[in-house]
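Here is how the chains run, residue by residue.
Number of protein chains: 2
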Amino acid sequence: MTITAPLGFRASGVTAGLKASGKPDIALVVNDGPSDVAAAVFTTNRCKANPVLWSEQVMATRTAKAVVLNSGGANCYTGPRGFQTTHASAEQVGGLIGAGAIDVVVCSTGLIGEQLDEPKLTAGIELAAGKLSAEGGAAAAEAIMTTDTHSKQAVREGEGYRVGGMAKGAGMLAPALATMLVVITTDALVDADTADRVLREATRLTFDRLDSDGCMSTNDTVLLMCSGASGVTPDEAAFGELVADVCHDLAQQLLGDAEGADHDITIEVVNAATEADALEVGRSIARSNLFKCAVFGKDPNWGRILASAGTTNATFEPAELDVAFNGVWVCRGGEPGESREKVDLTERAVSVVVDLKAGDSSATIWTNDLTHAYVHENSAYST
Amino acid sequence: MTITAPLGFRASGVTAGLKASGKPDIALVVNDGPSDVAAAVFTTNRCKANPVLWSEQVMATRTAKAVVLNSGGANCYTGPRGFQTTHASAEQVGGLIGAGAIDVVVCSTGLIGEQLDEPKLTAGIELAAGKLSAEGGAAAAEAIMTTDTHSKQAVREGEGYRVGGMAKGAGMLAPALATMLVVITTDALVDADTADRVLREATRLTFDRLDSDGCMSTNDTVLLMCSGASGVTPDEAAFGELVADVCHDLAQQLLGDAEGADHDITIEVVNAATEADALEVGRSIARSNLFKCAVFGKDPNWGRILASAGTTNATFEPAELDVAFNGVWVCRGGEPGESREKVDLTERAVSVVVDLKAGDSSATIWTNDLTHAYVHENSAYST
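Top to bottom, those sequences are chains Z and R.
According to the numbering used here, the first sequence is numbered sequentially starting from 7.
According to the numbering used here, the second sequence is numbered sequentially starting from 7.
Next comes chain Z alone, as it looks inside the complex (with noise of 0.2 Å):
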């Protein structure tokens, strides 16, 4: 179910035949209405993959009747060609449900710099658009699958209507330039301004600060599609409070497939003077290799948390800072405090807390360690 569990949606999953591995590489998610609104958010890299370029023009209108999802195949640097590949897919799809083309966002995730195989795309969306059922659900979240190990699915019950949502990649995580796609689904009865500030505000909270290796995919895209099938208009903080716990679970499952990890770590940024102090610092001790080998190591290195934090513009003072690992306070006052024999990090699980005793604002980055395994993926990956 998962995306197909808000009424008024149908999806599919099938096998195009663009993975060679021979799994399912396209999903088809429509929305049957009565609404079409829409929300988005795509990545902010200015090197974006043709399938964003169009997405954007798609979203200009604030509405979508379906995205068609394709993996086996970034389509990302593929020059006009690459995006008249997109376009077709839209029109394709725009003509099997009854709908324009400017009506369909499209997904692509896989490799980079090559070309899509076009009669396979072709005959993978005929074959699709088949198979559109309302308990398509699952296998839509298969088919987007890349290196992750499993899928990626969540849903919320709300008052008298639902929030569904599939996920798939590595997010921020971006491993091999492998995209973060999301696709959330609801019944509720939303206007675009409620859309837009709902997803903007969960993503802020959720995708936005899972930071696995500071690299950012070139095809990442966030999308809300309501059907306002329930006949319900929900309270909007009701609302956002759904679909960011939509956003939240799968970010979470993101976080606990990403490629090559051994350890999930939590970083809570304490008593900062504003919340963007607190992200800043949070996401240069996420981005510190030096630390994230220590974790890998087991090895509850405050030094290198205090060496990142001081890279940084944040209000602090140097020597105030205490780091907590798992909750031992390793280093108080910028100096040595309880034992770091007391940490024990063998766990997936790892919690760093740091307290900048600046003022009263905090926020929490999430990111992997950096192991074998992860040089492993990403060195072999294309070859």
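FYI, nobody ran anything at the bench for these hints, they're computed from the structure.
Each hint should be verified, as a subset may be incorrect.
As the list claims (entries may be wrong) - No more than 30 Å apart at the CA atoms, straight line, and that leaves these computed lysine-lysine pairs for DSS-like:
{"id": "1", "chain 1": "Z", "residue 1": "Lys348", "chain 2": "R", "residue 2": "Lys25"}
{"id": "2", "chain 1": "R", "residue 1": "Lys348", "chain 2": "Z", "residue 2": "Lys348"}
{"id": "3", "chain 1": "Z", "residue 1": "Lys126", "chain 2": "R", "residue 2": "Lys126"}
{"id": "4", "chain 1": "Z", "residue 1": "Lys29", "chain 2": "R", "residue 2": "Lys304"}
{"id": "5", "chain 1": "Z", "residue 1": "Lys25", "chain 2": "R", "residue 2": "Lys29"}
{"id": "6", "chain 1": "R", "residue 1": "Lys29", "chain 2": "Z", "residue 2": "Lys304"}
{"id": "7", "chain 1": "R", "residue 1": "Lys25", "chain 2": "Z", "residue 2": "Lys304"}
{"id": "8", "chain 1": "Z", "residue 1": "Lys126", "chain 2": "Z", "residue 2": "Lys25"}
{"id": "9", "chain 1": "R", "residue 1": "Lys348", "chain 2": "R", "residue 2": "Lys304"}
{"id": "10", "chain 1": "R", "residue 1": "Lys304", "chain 2": "Z", "residue 2": "Lys25"}
{"id": "11", "chain 1": "Z", "residue 1": "Lys29", "chain 2": "Z", "residue 2": "Lys137"}
Fit chain R to the given chain Z structure using the hints.
Just chain R now, kept in the frame of chain Z:
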């Protein structure tokens, strides 16, 4: 010879027992004048080690009569007691050479968050002072090594004067927060303004552009000491070139000995609108783990280069970028160019050129690949 190649300098390197390995760990360099002009650049990390905090005070006088360097402990995040240890070292060296504490620069490198063994340090400095000689340069260069596999030294001959240098560590490469320490000596007669200008320009184009893992050390120090013993006042441009040449030589030695690296990568960004743009793009590529893993895997993955460039604010059109690996233009105008099969990445030296087609500025950044050995060394370092 090296740092003692210029007239007016004595140096020594001894074993104080700060290192568990029992290898040399204290180096002393004394400037016998007649001039004691000096200039220095320090890490811009806000979380600075105690020796950096002290040495910044010394350099406010724009003179220095000696520098004492220890490996086997960074004296970083060690609070007021650690600062006191640094100050006591300066005072002790001053007493031994007939100068004040304020004349003595102190540098430390090694593990952080631990106090130095003061009795060992004191005895070691006493020993080092007794071994000072005009042939002690090589011994000093040995004593500052941590994970370096060999010492780094360079000498250049000017018109009637010399410039010598020694370096340790992996600089901006910053393995395990081990530090880049560089001491450059000259017997040229230069004033403080000239020394400062020349050193800043030289480091800007050499050590500052060495960016192996994006992690900034808490202890980095580059010190230039000018004895004036040759009696020759050099032409500033020629002197500047010589100092830059010594810095470049040492920087390349650091690059070649970076922990765990399989490849030395030169990233040249050309035809940028400004030098700052070229630098921003170069650094973003040098900090992409995905790019660095690809080079380790001998994969000319230009997509990861474009994706890194796309995260910057530099002026360029994404669809116009060209990228070459070892002279093969694998990407032309943001699309596949020459066959990637033509690129051979088996040699240690790798050249990447990115053409932004936006102006006539350029910049070069040096970095290393991301390897299993890097992960191993940095996950096992302090355990």
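Q.
Just to be careful, I want the Cα atoms of Lys348 of chain R and Lys348 of chain Z compared with a cutoff of 30 Å; is the pair within it?
A. Judged against 30 Å, a Cα distance of about 53 Å means the pair is violated.
**Q.** 30 Å Cα cutoff - pair Lys304 of chain R, Lys25 of chain Z
**A.** holds, 23 Å
Q) Is Lys126 of chain Z close enough to Lys126 of chain R, meaning Cα to Cα at most 30 Å? A) Between Lys126 of chain Z and Lys126 of chain R the Cα gap is close to 73 Å, so the pair fails against 30 Å, i.e. violated.
Q.
Run the distance test for Lys25 of chain Z versus Lys29 of chain R: straight-line Cα separation, threshold 30 Å.
A. violated, 55 Å
Q) Within a Cα-Cα threshold of 30 Å, do Lys348 of chain Z and Lys25 of chain R meet the stated pairing? A) Holds, at roughly 25 Å.
**Q.** Straight-line alpha-carbon gap Lys29 of chain R to Lys304 of chain Z, limit 30 Å
**A.** holds, 28 Å
Q) Taking 30 Å as the top limit, are the C-alpha atoms of Lys25 of chain R and Lys304 of chain Z close enough? A) holds, 23 Å
Q: Sort out whether Lys137 of chain Z lies within 30 Å of Lys29 of chain Z, counting only the CA atoms.
A: Holds: Lys29 of chain Z and Lys137 of chain Z sit about 16 Å apart, inside 30 Å.
Q: Would you check the hint for Lys29 of chain Z and Lys304 of chain R, treating anything up to 30 Å between C-alpha atoms as holding?
A: holds, 28 Å
Q. Is Lys126 of chain Z within 30 Å of Lys25 of chain Z, Cα to Cα?
A. Distance ~10 Å between Lys126 of chain Z and Lys25 of chain Z Cα, so the pair holds.
Q.
Check the hint pairing Lys348 of chain R with Lys304 of chain R against an upper bound of 30 Å on the C-alpha distance.
A. Answer holds: Lys348 of chain R to Lys304 of chain R is near 12 Å, not above 30 Å.
Comparing the model with each numbered hint stated earlier shows that hints 2, 3 and 5 do not hold.
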